[in-house]
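Chemist: The chain contents come next:
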Amino acid sequence: MTTVITAILILFGLAVVFGIILGYASVRFRVEGNPIVDQIDALLPQTQCGQCGYPGCRPYAEAIANGDAINKCPPGGQNTIEALADLLDVEAVPLDSEHGEEKPKMVAFIREDECIGCTKCIQACPVDAILGAAKQMHTVITDECTGCDLCVEPCPVDCIDMIPVETTIANWKWPSPAESPSLIATDLGRGQAQQQEAV
Amino acid sequence: MGKVFAFHGGIHPPENKKQSTREPIGQLPLPKRLYVPLQQHIGMAASPIVEVGQTVLKGQLIAEPVGRISAALHAPTSGRVLSIGPHPVPHASGLDSDCICIESDGEDRWVEHQGIEDYAAMERDDLIEHIRQCGIAGMGGAGFPTDVKLHLGDDHIVNTLIINAAECEPYITADDMLMRERADQIIGGIRILHHLIKPSHVIIGIEDNKAHAIHTLEKALKGCELNIDIQVVPTKYPSGGERQLIKLLTDIEVPSGKIPADIGIVCQNVGTMSAVYRAVHFGEPLISRVVTVTGDAVARPQNFEALIGTPFADLLDAANLYEDRLYRLVMGGPMMGVTVEHDQIPVIKTTNCIIAASREEMPPAAPEQPCIRCGMCEQVCPAELLPQQLYWFAKGREFDKAKHHNLFDCIECGACAYVCPSSIPLVQYYRFAKSEIRTEEAEQRKADHARQRFEARQARLEREKAEKEARRKARAEEAAKAQKARKAPEASASGSPELDLNALKTAAAVARTKLKKAQKALDAARESGEGDLSALEAALASAQTSADKAQADLDKAQSGSAAPAGNDGPDIKQLKTAAAVARTKLKKARDALKNAETKGLDGLDKLRATVQELETRADEADKAYQQASGANTQDSAGSEASEAAPVDLKALKQQVSIMRTKLKKSEAALADLEGEERAQAEQALETLRQRHAEADRAFKAAEQAQLDKAAAQGVDLKKLKVDAAMARAAVTKLERSLDKTEEAEARASLESELAAARRKAEELNETLKQHETA
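Going line by line, the protein sequences match chains A and B. If you number the first sequence the way our numbering does, the last residue is 412 and the count never jumps. If you number the second sequence the way our numbering does, the last residue is 813 and the count never jumps.
It should be emphasised that the hints constitute simulated quantities derived from the structure, not laboratory data. None of these values were measured; they are calculated from a predicted model. Think of the CB as a built atom: it goes at the ideal place given N, C-alpha and C, for glycine as much as any other residue. Any given hint could turn out to be false.
Label-pair distances were calculated between CB atoms; the ranges are [said to hold, decoys possible]: (1) Q418(B) x L344(A): 37 to 45 Å; (2) A787(B) x G330(A): 34 to 42 Å; (3) V377(B) x A255(A): 17 to 25 Å; (4) D341(A) x L265(B): 56 to 64 Å; (5) H152(B) x N292(A): 35 to 43 Å; (6) D341(A) x R477(B): 56 to 64 Å.
Turn these sequences into a full structure, and let the hints guide you.
Modeler: Here is the structure:
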């Protein structure tokens, strides 16, 4: 009988000790905020365009952390969806076309002689990428523009265009080697013959 | 001669160097036009300092460096700046980039320039700055600005200077010919660098297939006091790679992600040495270089001294190009060069070779076949990577894994693709993966930056809101305090006297009631003839005195409290009440007097006196009130007048529109009516019309007046402009909504609106134009 009681007491004692340790650890090493939200937020493109239906990237990250769909971000496109799927270990789904389509990278451009200096676009820009003052011509700081579109609607004289980012030597990318049809060694001659015909 | 070590891998492709070394370095005829690209290397593009149409002299600075990693550009010959704009440049993308186009005048006139006589006596930084101003950049591969490398000695201990003369890539002989013909210039350049970096040891690494060059270098070195060694290395591609040459000569491996200076070594190309020599001794900026023109499609493969900016076509002409044989034009060597499509692409500071290849020489790439995992690529990789693994990752777009397998240590030498039995364009895969990773990183940086800006903006908005709230609160508090402060003196000034006044009033009233009661009791006693009359009379007298006293106190208190009230300005309301009270009192007293007269009671005189006193008092009160209110009405009349003064255009407009609606309504009603009623209605309508016309006229007159005033003050062009723009925008918006609506009725109304908006916009435009022309 005593052995049973001793065993129970020992186990109880251990439980109390570990409980205290765990309790202390949970207080001492507490993680502020939700780390997964930060990780998701880091993957989103930070255009703050609101096309997902949330007022910015962070709110959408929070929504995803709470179980919202990962395919509501058109600026991020399929790459972002794949990264999110990878992070959250869920299935990568195609982009939800309800929220928009993946477009080439855009940048806002103000036709400056038509600008009346109303400052409405300045107030709309989520990243302060528009420079100007009341009754002064405005202009877009191209390097800071995320191409979110939010400045186009408020303009009373429709002088803002979204233009695709031009490919220059600075941002040119090597293309992927053309996916040639996979040949096996015995096909080699035929492939060359085809190519010669083409030439 | 020191010991030569070995690096991993490497290949031995056919050299093809003999063709272009038969003739000495040739001089080119002066090209008609030269295109100098603003960006010829990594780092920032130079910023042009010449204007289109400007005349420039040979060697004149035409674009200055921007930032630390950037090189100056100089006019390669004398002439006129034709344009500064996009032109095909030597780049793998085949894209256009900004170039300064110079039309040569054929005189080739030099700008005033002079060398440094005794560079050893010069400040080190000044000498490096001179080299920077001469636009010297690495002439081997990447075109890295040389001055940046010279500054490496500032924060690194450099003990070995390696001069790269390996020139390992097939076909290219530019450095070889340079060493054969200008070995003294190269040694001179090494001396300058030795002075600047002060290494303990200088090694010239050269492949053993350049016997002639080795010989001339050795001759030039004879009698040189510096510790310079010529180290002949076996011919193997890519021994000319910076890291491979370092490994060959010193057996030290440059760690991944580090630069040679981190291990105390600086590498320079022989071509750069000659450029440095000319810059320092003659003050000549880097405006020309030796270029190998070779390949089966040229009749006379040869090296040329070409001005920077010379189009390839001129070089090919000088080497007698067979147009029909040309299959592919390659810039650089066959291993690392890129195919270019355009023969107007200019020579830049890093262009060492142009290969005009025939089809047999460089056949089209065989079709890619599946990887058979033979492992030959791993055998030849000079960077000791796993090319096969990298290929799979790049193909599967698993860029993270590729990065972990040190993709960025790949020097893109092409050895793996050269040996691949499946003809997989491996280097292309690596280049693709690298640029994808770089783009991704750039995007990530941009996203982080955007997030930062967004958060900063949010914080700013929040702060502004909080500040506004705080200001509002402070204002409210201040207002409350001010109000309290205003109330407090009022309370202290009028509060207690008011209380006293009330108490006194009550006391006076009580005394009066007592007096009345006593009077009544006395009257009753007299009438009945009973009771103690004398006692009652005494009581009455005492009541009378007390009532008098109370009244006197009250009067005094009232006059006292009226005085401070008077200080605040005439309180009309109070005065009015006082006057009314006085009048009522007077009336009551008169009534009492009448009553007493009819009854013939005692104390008539007294009553009369009271009435008279009250009359005077009432008069006084009335007068005071009238005075005060008179002053006030004057004030208010003044303010009303000032408000009415400017014509209220808005109100007028409103009135006119109301009239118009009324008119419309009545017109509509008129249509329904018949007979006599109709006649009546018509009459009514007529009057309405008249009124409307009047109102309209008034409105227009007012508007005209305002316009005139505006015109007199000078028309506000900006406002007009804004109005015009708004009108235009309204028109476009209406047009858009018109396109959207399908209902006929809505369309009709929209159309009329649109027409009106258009008219307005046109009018505004017209006025705007008038004013602008005026």
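Chemist: Against this structure, judge whether each hint is valid.
Modeler: Consistency of the hints with the structure:
no.	hint	in the structure
1	Q418(B) x L344(A): 37 to 45 Å	violated, 57 Å
2	A787(B) x G330(A): 34 to 42 Å	holds, 36 Å
3	V377(B) x A255(A): 17 to 25 Å	violated, 36 Å
4	D341(A) x L265(B): 56 to 64 Å	holds, 57 Å
5	H152(B) x N292(A): 35 to 43 Å	violated, 53 Å
6	D341(A) x R477(B): 56 to 64 Å	violated, 27 Å
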